[in-house]
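*Asks:* Spelled out, the chains give:
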Amino acid sequence: MCRLAAITSNDYFSPMEAILALETMKEGHDGSGLGLTLKDLGGEFEKLKQYPILSGVGSKKGIEMLDNYMKRKGFKLIHNWSPSLHPVKGIQAREYYFARAYDVPGSCAERKFADCEDMLMKTRLELRALGEPDQSLFVYSFYPDVLTIKEVGDPLDVGRFFGLDSGKITSRICLAQGRQNTNYAIYLYACHPFFLQGYCTMTNGENTAFVPIREYLSGRGFPGYMGYNSDSEVFAHILHYTVRQLGMPLRYYKDVITPLMKESEIAQRSDADALRLMRQSLRPLCIDGPNCVIGFTPDGTCFMTQDAKKLRPGVVGGVKGKYALMSEECGVDSAIPQRDRSTDIFPMKYDFVTISPRAQEVKIWNQLQG
Amino acid sequence: MEPAAGVTLDNNHRLTPKELQYIIRWNSDRCKRCGRCTAACPVKAIEPTVRVQRMTFSEGPIPKPGAQRRVVHAISQVTDPERACVGCATCTLVCPNEAIEPELNERNKLLHYKNKGGDGYKRGGRRNDPSISVLDRLKFTRISMLTDPALDAGRHEFRVRSLLGRVLPPEELPLKAVDGKLIVDSAADKFIPPVREIFPIMIGSMSVGALSPPMWEGLAMGVAYLNEVEGLPVVMASGEGGMPPRLLRSRYLKYFIIQIASGYFGWDEIVRALPHMVEDPAAIEIKYGQGAKPGDGGLLMAQKVLKLISGIRGVPQFVDLASPPTHQTKYSIEEAVAKMIQSMSMAWGFRVPVYPKISGTKTARAVLNNLARNPYAAALSIDGEDGGTGAAYNVSMDKMGHPIASNLRECYLDLVKQGKQNELPLIAAGGVGKRGNLAANAAALIMLGASVVSIGKYIMQAAADCFGDEHNRCNLCNTGKCPRGITTQDPKLYRRLDADKVALRTVEVFKAANVELKKIFAPMGRSTELPIGMSDGLSIDDKAMAERLGITYAC
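Protein sequence lines correspond, in order, to chains A and R.
All residue numbers for the first sequence refer to our numbering, where the first residue is 1 and numbers rise by one.
All residue numbers for the second sequence refer to our numbering, where the first residue is 1 and numbers rise by one.
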């Protein structure tokens with residue numbers, strides 16, 4: 001089972017805080033990878049919030065291909081972050097890790113943001129298609145104010161390898177996942193968190209309904225619903241589909257992935273009629289667990305929810321201005337030791353916990369009380 | 001050649017029992033000559049006879065064997081192919097001394113002779129292929145253990161339910177968000193097709209007429225009990241030939257799918273009952289084909305058209321009731337499918353799902369794609385070659401038709417390509433439970449893409465002890481002489497069947513299937529929704545089959 005550590009804060013913090021939280025949950029894990037997605041960036045990216053950042057890794061050939069492609073498409077490189085690597089035993093360094101801010105051709109400000117998002121996604125997918133066959137280039141995200149880092153290895157080692165303890169890279173939201181490889185190959189594109197157009201999730205556990213969900217999403221005609229090197233990628237795409245594509249309020253994500261099973265439960269909801277229709281039409285997106293899902297949305301809201309059997313651990317705790325969403329309580333202890341532990345929240349099968357942007361307010365929404 | 005005039009023929013012109021499919025094994029020593037077997041035999045394959053027999057005997061205190069020729073009573077097997085033993089073993093059942101039983105003769109030549117009068121061999125039953133079907137070769141190989149905990153079939157909540165009816169794609173749902181809450185937007189004036197939530201195994205179409213009154217009633221009572229008492233929403237299709245008028249006007253109608261086929265039998269009564277219906281039926285099934293006899297219409301032989309049946313169907317007694325192979329008023333797929341679906345929908349105010357049933361065929365995808373574009377089409381039912389029938393030519397049953405597994409799979413994958421796999425449910429039938437593995441066969445079809453699985457022969461065997469099997473045993477459904485009283489309208493025969501017991505067995509069968517489905521889904525980590533299309537859970541021990549079905553090969 002993978003380890004999950006997310007922190008949302010009013011102030012910028014180092015991703016190392018989340019990695020250290022992962023470290024407290026290390027016992028028994030093989031450390032088969034670390035994935036980090038940072039949102040609302042500080043440090044050297046603080047002044048570049050309007051520019052999309054392309055995150056990835058590539059070989060010399062891959063970087064040349066990337067440069068040529070971006071130049072041809074009219075993207076202008078504004079800023080390039082390339083971590084200074086610190087050799088760590090067990091991590092085989094790839095040639096060029098990067099996070100690059102680009103000025104978009106024709107400026108995003110002049111068109112609808114959704115169109116701009118589509119253009120950025122299309123660019124990322126084309127780059128992925130170019131670099132994936134010979135694995136010369138991996139690109140994880142291309143979006144304003146979002147940075148993604150992934151590598152195979154023990155999370156703490158990976159953090160040190162990238163020099164994340166230097167404090168140069170900071171953010172207000174950090175999702176960190178310490179991978180415990182199970183059924184799928186150790187592959188960078190299989191590494192959580194998964195990000196699509198502002199929506200991001202990471203998960204522990206295995207998704208037993210993966211194949212039908214993948215087939216359903218693939219049939220939606222949306223080019224971003226692809227990849228699926230991990231069964232957990234569908235959680236991010238379901239979130240994107242529910243909120244962005246169908247325009248449903250965030251909490252309905254819970255009703256999509258774990259719909260109420262009994263008519264008696266549905267009937268007590270004030271939106272019962274809508275739920276009944278949703279349960280039929282969105283039936284293929286129902287997950288069967290066991291999964292704890294942690295994610296964020298474009299506005300900076302973070303959430304945690306569980307599968308309908310509540311078979312995975314998950315806890316939310318913190319103080320106003322800083323909250324941690326972790327798969328184990330020792331991780332919360334590490335990230336926010338000063339909190340009142342009695343207020344920790346352990347979301348159960350019906351719960352959907354959201355934390356507003358900048359960690360101002362925690363809300364527990366119970367699915368039975370909608 | 002000169003006839004052998006004036007010469008008494010010996011027996012050389014007759015067939016021997018070895019040419020027949022079943023050979024009667026009769027034990028003279030055990031037989032007490034009561035005559036029950038010959039009276040009960042539905043095809044008169046055995047008859048009492050006398051023969052002269054040389055017997056050795058000894059009388060007196062000292063053994064002194066002597067021979068004597070005596071006339072004895074015996075049972076002899078008739079070798080006329082028209083009266084060939086069908087292996088039903090009714091004789092064995094009625095024999096008080098276990099003196100008689102039929103034995104399967106694998107080397108028989110029955111089909112060489114079964115065409116008397118220039119007509120082909122007609123029978124009821126199913127394809128005579130006793131080999132292990134693809135459904136029975138499919139294995140569930142994705143077992144959750146450590147990376148994802150297996151569920152507990154007895155402890156966790158399970159929802160073994162499916163949807164029957166056209167499901168709107170999420171993009172077309174008439175929903176709008178108001179104050180963070182979704183409401184149904186009535187101003188959108190969007191047609192929301194009717195959808196029924198049902199148990200994923202249903203009883204397929206078998207008509208009043210094909211089935212005897214206690215059999216049909218027994219099934220119907222069982223289905224009503226399952227719904228009302230057990231909370232299992234099992235539905236049953238009527239078959240062509242209408243339904244008992246009182247049932248049409250009852251609140252139980254909601255558990256029944258009414259079938260309309262090319263003969264429109266029974267529809268006078270149904271249309272007359274329409275204004276008096278207090279509930280809508282579960283669905284309307286338009287039959288275009290049947291897996292057991294693709295390309296054939298329905299057929300109820302004259303001997304089964306007694307008073308009750310003639311009344312329900314609105315026809316004279318004792319006439320063959322043949323439904324044509326196609327709907328005679330329709331000349332194209334647009335006419336046959338689109339207009340008929342719309343007409344039937346309109347009859348119930350668009351409150352009832354209407355779907356066509358076709359026989360398994362290479363052309364199923366063409367029908368499917370037509371339906372996928374028709375917003376009123378509620379499902380597609382595909383009946384594979386291993387389906388059953390009350391009456392058909394043997395050649396149709398044995399040689400015509402398409403296996404259900406690959407036919408269903410290609411249809412499902414076609415829907416996947418279009419992203420419509422949740423919009424148009426597929427109902428799969430034909431050979432489900434052939435070897436008794438009802439839940440396993442059903443689960444396998446569901447994982448290949450079926451939303452609902454339909455059974456016929458299985459429930460006749462399980463609920464009413466039908467003798468029929470894939471060795472051509474019995475299969476007398478067409479003759480009106482069903483020795484079990486299942487497919488006959490003769491009161492002397494159907495009084496052998498107790499409708500209450502059929503109902504009880506029906507309930508037991510579905511309750512057990514519900515438990516077994518959970519036992520399959522639980523270790524695969526599925527409980528909340530039916531694992532439709534979860535093909536990663538399946539494997540088969542044949543590479544070509546694995547490739548054709550898009551699943552893994554395991555050995």
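Misleading hints may appear alongside valid ones.
What the hints assert, rightly or not - Restraint ranges, calculated between C-beta atoms of paired labels, are given here:
#1 R/G295 <-> A/N229: 44 to 50 Å
#2 R/E230 <-> A/Q245: 50 to 56 Å
#3 R/D185 <-> A/N10: 37 to 43 Å
#4 A/N229 <-> R/R107: 34 to 40 Å
#5 R/R373 <-> A/N229: 46 to 52 Å
#6 R/D185 <-> A/I78: 57 to 63 Å
Simulated from the structure, these hints should not be mistaken for laboratory data.
From the three backbone atoms N, C-alpha and C, an ideal C-beta is built for every residue, glycine too.
*Asks:* All the hints need checking, so say for each whether the structure fits it.
*Replies:* How the hints compare with the structure:
{"no.": "1", "hint": "R/G295 <-> A/N229: 44 to 50 Å", "verdict": "holds, 47 Å"}
{"no.": "2", "hint": "R/E230 <-> A/Q245: 50 to 56 Å", "verdict": "violated, 40 Å"}
{"no.": "3", "hint": "R/D185 <-> A/N10: 37 to 43 Å", "verdict": "holds, 38 Å"}
{"no.": "4", "hint": "A/N229 <-> R/R107: 34 to 40 Å", "verdict": "violated, 57 Å"}
{"no.": "5", "hint": "R/R373 <-> A/N229: 46 to 52 Å", "verdict": "violated, 34 Å"}
{"no.": "6", "hint": "R/D185 <-> A/I78: 57 to 63 Å", "verdict": "violated, 44 Å"}
The earlier numbered hints that this structure contradicts are 2, 4, 5 and 6.
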